[in-house]
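Student: The chain contents come next:
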Amino acid sequence: MNLLSISWKNIQHKPTSVILSLVLFALGVGLVAFLLQVDRQVQQKFENNLAGVDLVVGAKGSPLQLILSSMYHIDAPTGNISLEQARPFLNPQHPLVDLAVPLSLGDSFKGYRIVGTTRDILELYDIQMSDEKLWQKDFEVTAGAEVAKKLKLSVGDVFQSSHGFTEDIHSHDEQLEIVGILNPTNTVLDQLLLTTPATFWKLHNHGENLPEGDDRAGHDHKDGNHVGHDHHDHDHDHGDAGNDSETMLSSSSNAYLLQQEDSLSITSLLLTFKGRNFQALNLGRNINENTDMQAASPAIEINRLFSLMDTGTRALNALALAIIFVSGLSIFLAMLNKLRDRKLELAYMRVKGASRTQVFMLIIFEGLIIAFLGSLLGFLLSYGGIYLLSTSMEANYNYSLSAGSFSMAELYLFFGALVMGALAAILPAIQASKTDISITLEGN
Amino acid sequence: MLEASHLKYKYTSGVTLSFPSIEVTSGDSLLILGNSGSGKTTFLQLLAGIRKPTQGQIVFDGISLDSMSASTLDKFRGRNIGIVFQQPYFIDALTVEENMMASCYFSSMKRDDQRGVQLLDRLNIRQKAKSSPRQLSVGEQQRVGIALALINQPKLILADEPTSALDDNNAQAVLNLLREEADRLGSALIIVTHDKRLKDNIEQTITL
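For the protein sequence lines, the chains are A and B, in the order given. Mind the numbering: the first sequence is residues 4 to 447 in this note's numbering, read in order. Mind the numbering: the second sequence is residues 11 to 218 in this note's numbering, read in order.
Think of the hints as simulated: they come from the structure by calculation, not from any bench. Cβ atoms here follow ideal geometry from the backbone N, Cα and C, with glycine treated the same way. Hints may contain errors.
Here are the simulated lysine-lysine pairs, DSSO-like style, with alpha carbons at most 27 Å apart [stated by the list, open to error]: (1) B:K62 / A:K437; (2) A:K113 / A:K153; (3) B:K85 / B:K209; (4) A:K346 / A:K17; (5) A:K341 / B:K140; (6) B:K120 / A:K12; (7) A:K437 / B:K18; (8) A:K346 / B:K85; (9) B:K85 / B:K20.
Over the 10 Å line for every Cβ pair with chain A, so calculated as not near, a few chain B residues [stated by the list, open to error]: (10) I68; (11) D102; (12) Q145; (13) K206.
Working from the sequences, and respecting the hints, build out all of it.
Tutor: In C-alpha cells, the structure reads:
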C-alpha cells in the first residue's frame with residue numbers, strides 16, 4: 004500500500020468523474036502525436052528522395068507538379084520534351100551537368116508507375132546492384148522492392164502495362180518481363196518499375212519511327228498470360244540472335260539515347276551539377292527563359308510545399324494544444340469538485356498519521372495518473388490514425404507511413420502532458436493538504 | 011502514561027473552556043461524561059493532539075505533545091493513538107483490508123497481516139475483509155472502525171460517542187469489545203460520551 008496505489012484506487016472508485024478528462028487528454032495528445040508523426044515522416048520521405056538532384060527539367064507547367072511527378076511520382080507529369088531538347092544535357096561533355104537521368108513516365112501496372120530511364124538513376128540513389136538483375140534491353144523491367152512484394156512479382160514474370168496511372172484503363176499489348184528486383188532502398192525507387200526509355204516509344208508508337216535493334220516485343224510472348232513462368236529459354240534465344248549494336252550499347256544508357264532521333268520524347272530529366280558555381284545556379288533560369296522547357300529545383304519546391312503544409316500543421320497543433328489545455332482544466336475542475344466530498348476522508352487520513360505532503364502528493368498522483376492514461380490512449384489513437392492514413396495513402400499514392408516510430412518530440416509531448424496533469428492537480432492538492440483534521444470529530 | 015494538566019482552550023469566539031486535569035496509566039479505563047456544548051469533543055481533540063491547548067500541557071509517555079513538530083505529531087498520533095469515531099470514517103475506495111493497510115502505511119508502522127486477520131476475527135468481520143466498508147451494515151461499519159483504530163496497537167484508545175447511536179444490547183457489546191481489546195493490548199481507554207448508560211460499566215468517571 005502506498006500513495007500511488009491509493010490514488011489509483013481512488014480513480015477506479017469513481018471512474019465516471021475522470022472519463023471526460025481522459026477523453027479530452029487522449030484527443031489532445033493523440034492529435035499532437037499524430038501531427039508530429041505525419042509531419043516527420045512526410046518530411047523524411049521527401050528528403051530521402053531528394054537524392055542530390057539539383058534540377059529537374061521538363062515541359063512547361065507548374066514547377067511543383069514537375070517535381071512531384073518526376074521525383075516523388077505522385078502527380079501527373081507536366082508533359083513531354085523532345086529528345087532534341089534534352090540532348091545537350093545528356094551529352095557527357097556538358098560543362099555543368101554531372102549526371103543526367105532521363106525519365107519517361109505515363110504508364111503503370113496495377114497502380115504502380117513504370118519509369119523509362121537509364122541505369123544512372125541507381126547512382127542518384129546510391130544503389131549497388133549486380134548487372135544481371137538490371138534492365139538492359141527494352142521490355143526488361145527491374146522492380147522496386149515494395150512493388151514486387153505488393154504485386155508478388157518475381158524474376159521471369161511478364162505483364163502488360165496500362166496507359167495512365169490508374170489500373171486497367173487501357174492495356175498495351177506488349178509484354179514486359181521482370182529481370183530483377185531491387186533490394187529495399189527506403190526511397191521512391193521501392194515503388195517503381197524501371198525499364199528503358201525506348202520501351203515507352205515502342206509501347207506508344209506501335210512500330211512507327213522506332214529505333215532499330217530490339218524486336219523482342221514483336222515475336223516473343225505470343226503465349227499470353229503466363230505470369231510466373233520460367234523464361235530461361237528466351238534469354239537464350241536473345242543471346243543467339245546476336246544483335247551486336249544492342250549488346251554493345253545498352254538502351255538503358257544515355258549514349259544510346261544520344262543516337263536516337265530528335266523527334267522521340269521523354270518526360271523529364273533529373274540533373275546533378277558538377278559544382279555549385281554561379282553558372283550552375285543560373286542554369287535553371289536560363290532554361291526557363293530561353294527554352295520551351297522549364298527547370299525546377301527540388302529543394303526549393305519542396306520547401307515551398309513544406310511551408311504550405313506548415314500553416315495547416317500549425318493551426319491543427321494550436322487546436323490540439325487548446326484541447327490539452329481544456330483537458331487540464333477539466334481535471335482541475337473535477338478534482339476541485341470531488342474535494343468537497345472527500346474532505347472528511349482526507350481529514351481521516353491525516354488523523355491516521357498522513358502528513359500534509361502525503362495528502363498533497365495523493366492528489367498530484369491522481370492528476371498524473373489521469374494524464375498518463377490519457378496520453379497513453381492518445382498515442383494509441385495517433386497510431387490508429389497513422390495506420391488509417393497510411394492505408395489510404397498507399398491506396399492513392401503507393402506511399403506508406405509506419406506507425407510506431409517514437410522520437411524525442413513524442414517524449415517531450417508525453418512529459419509535457421504529465422506536467423499538465425500535475426499542474427492541473429496542484430491547486431486542489433494544496434487545498435487538500437490544508438484540510439483541517441479537527442473536522443473529523445465535529446458535526447456528529 | 012498520559013497526563014493532561016490544567017488544559018484551557020480559547021475558541022475564536024472568545025469563549026474559554028477549562029478542563030479537569032487527568033492522568034491515566036496503561037490498562038486504565040476512563041469515562042468522560044458531558045452534555046452537548048460542554049466541550050467533550052474539544053477535550054478529545056486536545057488529548058489526541060488535533061488541537062493545541064492555549065494553556066496547560068499534555069505529556070504522553072514522558073513527552074510533551076507541545077514539543078513535537080506538526081509532522082512528528084501526525085506520525086506519533088498515527089502510531090500511538092487509536093481513535094474510534096462516532097460515525098466511522100474510511101477511505102471509501104479501499105476495501106476493509108486495504109483500509110487497515112493504509113492505516114499502517116500512513117503511520118509508517120510495519121504491516122502485520124496476521125494481526126489484522128486476528129483482529130477482524132475477534133470483531134467477527136473477517137469474512138468482510140475484501141468488502142468495501144460502505145457496503146456493510148451500520149454495526150459492521152462500527153466494528154471495522156474499531157479495527158482501524160486498533161490495528162496499530164495504540165497505547166491510547168480514544169472513543170468518541172461510540173455507543174450513542176446504538177441500542178442497549180449493541181452499546182454493551184461495543185463497550186465490551188473496546189474493553190477487551192484495550193486489555194489485550196494493555197492500552198489506556200478513554201471514552202467521551204453523553205451516554206449515561208456507560209456510567210455503571212467504567213470505574214473512573216469524570217463529568218465535564
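Student: State for each hint whether it applies.
Tutor: Here is how each hint holds up against the structure:
1. B:K62 / A:K437: Holds - the C-alpha atoms of A:K437 and B:K62 are around 16 Å apart, at most 27 Å.
2. A:K113 / A:K153: Cα-Cα ~10 Å, so holds.
3. B:K85 / B:K209: 33 Å, violated
4. A:K346 / A:K17: 16 Å, holds
5. A:K341 / B:K140: 25 Å, holds
6. B:K120 / A:K12: 21 Å, holds
7. A:K437 / B:K18: Cα-Cα ~25 Å, so holds.
8. A:K346 / B:K85: OK: A:K346 and B:K85 at ~20 Å, within 27 Å.
9. B:K85 / B:K20: The given pair, whose Cα atoms are some 26 Å apart, holds under the 27 Å limit.
10. I68: 15 Å, holds
11. D102: At about 6 Å from chain A, B:D102 fails to clear the 10 Å cut-off, so the statement is violated.
12. Q145: B:Q145 is indeed farther than 10 Å from all Cβ atoms of chain A, at 12 Å.
13. K206: Check passes; 18 Å lies beyond 10 Å.
Taken one by one, the earlier hints fail for this structure at numbers 3, 11, listed in ascending order.
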